[in-house]
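Trainee: Top line first, the protein sequences correspond to chains A and B. Heads up: the first sequence begins at 654 in the working numbering, then just goes up one per residue. Heads up: the second sequence begins at 654 in the working numbering, then just goes up one per residue.
Wrong hints could be hidden among the right ones.
Chain copies aren't distinguished; within one or between two, either way the pair holds.
Think about it this way: if two alpha-carbon atoms lie no more than 20 angstroms apart in a straight line, the pair counts; the simulated SDA-like pairs of lysine to any residue are [what the hints assert, rightly or not]: (1) 732 / 722; (2) 974 / 883; (3) 659 / 770; (4) 877 / 932; (5) 952 / 669; (6) 952 / 683; (7) 952 / 893; (8) 732 / 708; (9) 877 / 947; (10) 952 / 892; (11) 732 / 829; (12) 877 / 950.
Because the hints were derived from the structure by calculation, they are not lab data.
Protein chains: 2
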Amino acid sequence: MQPPDKHPKIIVQDQQPFNAESPLEPLRRSFVTPTELFYVRNHGTIPEVDPASYRLTVSGMVERQLELSLEEIRDEFPKETVTATVQCAGNRRQGLMEAQQIPGETPWGAGALGNARWSGVPLREVLQAAGVGEEARHVAFAGLDEIEEGWSPNYGSSVPLHKGMSPEVLLAYEMNGEPLRSEHGFPLRAVVPGYIGARSVKWLSDITLQYVPSDNYFQAHEYKLFPPYVTEETVDYTEGFALGEISLNAVTCSPSDGEELSAGPVPFRGYAIAGGGRTIERVDLSTDEGQSWIGADLKEGEGHPWAWRFWEATMELDRGKHQIVVRALDSAADTQPADAGGIWNFKGYANNAWHSVEVDAR
Amino acid sequence: MQPPDKHPKIIVQDQQPFNAESPLEPLRRSFVTPTELFYVRNHGTIPEVDPASYRLTVSGMVERQLELSLEEIRDEFPKETVTATVQCAGNRRQGLMEAQQIPGETPWGAGALGNARWSGVPLREVLQAAGVGEEARHVAFAGLDEIEEGWSPNYGSSVPLHKGMSPEVLLAYEMNGEPLRSEHGFPLRAVVPGYIGARSVKWLSDITLQYVPSDNYFQAHEYKLFPPYVTEETVDYTEGFALGEISLNAVTCSPSDGEELSAGPVPFRGYAIAGGGRTIERVDLSTDEGQSWIGADLKEGEGHPWAWRFWEATMELDRGKHQIVVRALDSAADTQPADAGGIWNFKGYANNAWHSVEVDAR
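Chain A with its partners taken away, still in its complex shape (with noise of 0.2 angstroms):
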């Protein structure tokens, strides 16, 4: 397995499987990230797939299985793009493990997400040329790719039917207009958008529908979320809630922690997100941590109900270190946890405590 062609300034956290995060600075110059910036992660192997022997299969509580080829696929079905952000579960781990240790699982920074302009069939249209059957709660997808960790040979995981059946879920084959490429999940990837990246099975080759969830390890086993006072040593793994819908999250892009800059007016850059498709309604930041806040500045994003949204927000800063802090508010009225000490999880998923960075002005 090769590392794939990225950007020189991504973020490698590791080889094999190959997990790379995106530097912020340059992540938030585009509301669509370019293919070669955007983070990946993998479980397994990047496979080579030869597309024209490539089939999908999709099976289980369906009226007819079906077995599509790569051009089937592409010719036979509609076309849709949509623009979303795809974030993994783990984005923001290493602020967890700031207030608690988590062994051995990779320490994202706020990198492990991107934004892209998907293209591929509504994965609606091909459930219901299958005939969804009346007892199918559940779509299982699983992938093409190799795993070492776990029970299962391959990638897996599953969504809740009426997520499948929302016109926003793709089986998607191109990536910002470019056929997908190989670490991103060629020849065909689920995208749900406003789901955990976890859902967005690469590589795609089987469509299952099926009453309960996935069996896959990584359903059944990783991506689930457990209480502060669940550890390592007391967890039962059939409890904890397996992880969907991303949570409220907002994040500084530049500066960035520990930078020296100039006092005066200093430019605040970043983005925030809502999942399941709640907008962002508002941005706040305070150098006070939490006593008093500025609005920012809304961004790019509006209109993209299944997209980040970018803000900014110009500081007055004097001469001296000033740690600045950064919240959301999404159209629910819901925010954000101030510490992440309260959402520590032993797993190091969905930290979206608020976010901050130490400035110092000279």
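Dock chain B against chain A, hints included.
Mentor: The following block gives chain B in isolation, referenced to the frame of chain A:
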């Protein structure tokens, strides 16, 4: 206007317009709130409507204008029942007032909500009968009450069309298996599950499909959320965001704040609620201001996506005073902010800071 026939323990906040909330301990006794215990929020009169001459008008961006009698609504459309919690946007305003004053608004405790079985015709059935115009984006409701506050003669509001077309939104003529009582909107009201109560317009007389939200005073001016840094002196009412989906919340109903009780194991009971069709995945309690948490058992509410969720936990309390806080986690792994100060807003809406009770164990 007579105050309506309510439960003897109901807490009357205002006589005219009549506003009353439910006492928490009785409220927690029944998953479906008895009608006489159900909170009442009015902005004007409680009209006495003659059901024989009553008509509902459906107009605006429709293919054909409708004028429906109560008989036609009941006999010519399907009847559906939805168990849904309706909650005032000002529920728990008292907690915000403790952080910073909010003059001139009703000081609601945590009982300005209730859960009922609502029966009526799905709004979308009526909209489809009228034919939804291509340009329509919002569904505006107007009521038959008389209002003195603001510029509108009657109460009104609107919801986005996609919500109006969702199957859970009803034009209800029954509450808990009986015709609506006057104070709850007889003969017909909107019920918009997952949204603030202000959108569930009572004594409904007009539905208008339109491109923009309602220009009724209570949509365009009231029920807007402003940041903590906006005050009554600096507000521009054309800004702020019009509240829709309710925010995630959790409340301890018993024991009550200030209660004296016996040291030892103490049962704590309360409700939790997630907005916009999300589900409650966890409720946690803390006796040390959130340094550590204990999980509560989730009780009644499973399988009712538009209803609150009851919870219960037994806490072992030594002699002395204890402050117990509660928070919930929803299906997007979102949770609640710790402090009311950071979400304070000068109108006092959407308080979902951790709820706290202090008890004295003897």
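Trainee: So, against the hints stated earlier in the document, which numbers end up violated here?
Mentor: Hints 2, 5 contradicted; others consistent.
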